[in-house]
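Q: In case you want the letters, here they are:
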Amino acid sequence: MKKITIEPISRLEGEGKIEIFLNEEGDVVEAFFQVVELRGFEKFCEGRPVEEMPRITPRICGVCPGAHHIASTKAMDAVFDVKPPAVATKIRELFYCAHILSSHILHFYFLAAPDLVVGSAADPAKRNILGVIEAVGLDIGKKVIIARKYAQEIQKTIGGKATHPVFGLPGGISKPLLEEERKQIEEMARFLVEFSKFSLEFFDNLISNKKEIADLITGDIYRHETYYMGMVDKDNKVNFYDGDIRVVNQEGKEVAKFKPKQYLDYIEERVEPWSYLKFPYLKSVGWRGLVDGKESGVYRVNSLARLNVADGMATPFAQEAYGKMFHILGEKPSHATLAFNWARLVEIMYAAERLLELATDGEITSKEVRIIPQGIVGEGLGCVEAPRGTLFHHYWADKEGIITKVNLIVATGQNNAGICMSIKKAAQSLIKKGEVNQGLLNMVEMAFRAYDPCLACATHTLSGQMPLQIILRDLHGNIIKKLSR
Amino acid sequence: MKLKLAVGLGSTCSGCDIAILDLAEKVLDLVEAAEIVFWPTAMDFKLKELEGLEDGEIDLGLYHGTVRTSQQEHMAHLLREKSKALMAFGSCACFGGIPGLCNLTSKEEIFRAAYKDTPSTVNPDFITPQTEVRVGDFVLTLPELHQDGKALPLVVDVDYFLPGCPPAVELIEKLFPYLSLMQGGELPPKGTVIASDKTLCDECPLNRENKSISRMVRVHELIPDPKICLLEQGILCMGPATRGGCGASCIKVLMPCRGCMGPPPGVKDQGARMIAAIASILAVSDEKELPEEEVVRLVNGIKDPAGTFYRFTLPVALLNKKMREDK
Amino acid sequence: MGDFEPKIIGFCCNWCAYAGADLAGINRIQYPSNLRMIRVMCSGSVDPEHILEAFREGADGVFIGGCHLGDCHYMTGNYKTMRKVMLIKSLLPQLGLEPERLKLAWVSAAEGQRFAQVVTNFTEEIRRLGPNPWKGIEK
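Same order as they appear, the protein sequences are chains W, A and U. Oh and the first sequence: position 476 is 575 in the working numbering, straight run, nothing missing. Oh and the second sequence: position 314 is 1783 in the working numbering, straight run, nothing missing. Oh and the third sequence: position 80 is 99 in the working numbering, straight run, nothing missing.
Hints listed in this document are in silico derivations from the structure and should not be mistaken for laboratory results. Check before you lean on any hint, since a few could be wrong.
[Claimed, not checked] Heads up, simulated DSBU-like pairs for lysine-lysine below, C-alpha to C-alpha not over 30 Å straight-line:
#1 A:1696 to W:282
#2 A:1643 to W:225
#3 A:1473 to W:225
What you are looking at is a predicted structure, and each value in this text was computed from that prediction instead of being measured.
Chain W with its partners taken away, still in its complex shape:
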């Protein structure tokens, strides 16, 4: 049996490898997406004062620290049973829109675009942001860099730092917004609205001019029919900051809607011995393996999933882009994994419009941004849509406010099954008769890249000691024999 290893996987956040096994004829029998890192936040956060969690948990991930910070801050409000003043909530959401923009712009242009613009089989030395800038020209390149810079600036102004922000507190935020800061943010928001429109146009041109990309998106190689999960507001529109969790099936029918704190009734996690990353799945459906379909509890999160579960977008240009995308894809829900990249641009549009809405809100420079909590309940959950999917921070604290237990369900983890399935299908579709080259292997990597994975997030957990144990399993995962030393 021949084995091909892709190591390390690239143009994503985190550490992983892909192992592809070929039979005698050179066809792919099996492929594994293995996450090779882990750290242990859920354990080493025990003993920490709960109000420090919004400053510790962002270190789970430097690409989406804003998501962890906001989820953690919301969990704080619950732990102390305190409702922040309305302006604090608005400023948190203002920050958060900038965060979504920053993360999505990074992913689309720096991590995904090299495959779409430079070419999936292009020279690896050119398949990166520099190659993209070379292909599209310095003007557009600079526009992208400035857009991302503005999104980071806004987060820094409000949050202290863009990477690992510090401003969230139980009961509000640490500092009000000054008028001169608001003005700068408004100006940058206007730029970002225009930039979002440009990005959607850019993508339109891409699929119009490059038939192979359009075919890849709508084709079979990267198609999976799974359940989808995302956060929606009371009108069932996509919302990143707050709302209920909605799950739809392969036909788009709602099969669950719940308040985030009920998540344990809906989500379970499974462990495999060949990856440090666990596999969340729908409790009501159950685990049937890494397979598509109604009988399998595999569900997906992140941009396309959010658009799949929602009835629309809450802002006009985003709504237009949403409608156009599904029209061209020809189905809703869309099961075209590469369309996650497209959906991300629709979300950029929404985030920019919402950013501008909040930046021009009459209340946004009010001074009362905090109230002091009066007591402590001890258990609390904070949930947001991270750029990469639904994020749950669940804390338990004692009456001194010291953390006793933590449970985190992190966005990318919920796409673990989806990523594994996508890798395998792509490998099986692309590699035949032993014919392998770096371009084809990159196209296998594109199967995970569409999910914009964040493996540091996903593997916040730590497994600790690994005594050597050999577990013999059949292809269905049933244990035949266990040997250990």
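For chain W, the structure is supplied; the task is to place chains A and U on it using the hints.
A: Showing chains A and U alone in chain W's frame:
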């Protein structure tokens, strides 16, 4: 002459990669000066290509992340081998970082929490990730997780340090003159730390007046006066025991420093320095009259000393882990 | 545990505790030789780094002897000592060390008998606690 640059990863959150990209337009200047030959987060070069380089072929290697697994340790040695100069980039590489807090727990407890006890995990057979496992006809491997988190200098010889979690863009920009030096064939002095030579207090915008703390409060218990030193107001701030250079970003939004830039020059143990700093100003304006119980009460107001004084630097502290019989 | 001989590092201030130890010596008052004494000018000059380093090097116990409050030769040094010791004591359990391994005592130059008593009691306490787990751990 274009330099060769490489970025290797330990147990990282990738905030350091983002920090490099936060150079914004100056990234284009960076790639003018240097050819990046390995950077998994942003580029497609694979491990074999890095292994295939000549020893010392890379002019400057940047390593970020704590050293936690056998693979990350291998990367540390590999990058050291292939680089003329190696820089510990970011607080995890310099001091161990927040993942270093794993040194306060034990492997068994961590194991149990992640793969058994968390309420959403369903794992009745207590299956755990293995360094080697056979799945049907296939043998799969994973790197081994080490006992403790290590900072890079404890694993390989490190030439330069750029601390911060993540490093401030203003400090990363200071790399450019170093790259110019290297282009001229010179190497900056070994041991250089790209940061301020003073503590954070030196660049803090708040006013220090009283130099005596009369109470200790937690960050959510007080809305501070935005003009006065937070530590004086009773909010624990690591400023006096932390190297400056970050621009006091946290203070600017009225949140206390948590020490991510590591200890000031000449200080071996950041926690020890903070303890000395607090002791010199804790209720000292009336120290002669204050009963001992009051001092005890004030000290007990500081929750979680290990996680506060050593949040970023535990792996390089004098006592750098919780000692257990089984460690 | 029978043959465990505690190794204790003692920082004693020149003006009070060290003089008290001297007095004990002059009067031939016995106290265990487990204490290795380091004379400092003021207990307040003992840096927390010295204490932590002593534990890191394998000291089973660390003793600090200073002047009674109000009697410090440098006026207020010992008030700082008290604060440092309390802070370190709150840190030690998180690192797996018993806070009882660190002892602060006020002993005047005239209290030779008391010095001997305090050190004897502390040595027994450390003997009961057992060896420092950091002994022999490679750097």
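Q: Against this structure, judge whether each hint is valid.
A: Hints, verified against the model:
1. Between residue 1696 (chain A) and residue 282 (chain W), the direct Cα distance comes to roughly 23 Å. Compliance with the 30 Å bound is thereby established for this hinted pair.
2. Proposed proximity of residue 1643 (chain A) and residue 225 (chain W) is supported: the alpha carbons are some 27 Å apart, at most 30 Å.
3. Using a Cα cut-off of 30 Å, the hinted pair residue 1473 (chain A) and residue 225 (chain W) holds, with the two alpha carbons roughly 16 Å apart.
Violated hints for the displayed structure: none, as all numbered hints are satisfied.
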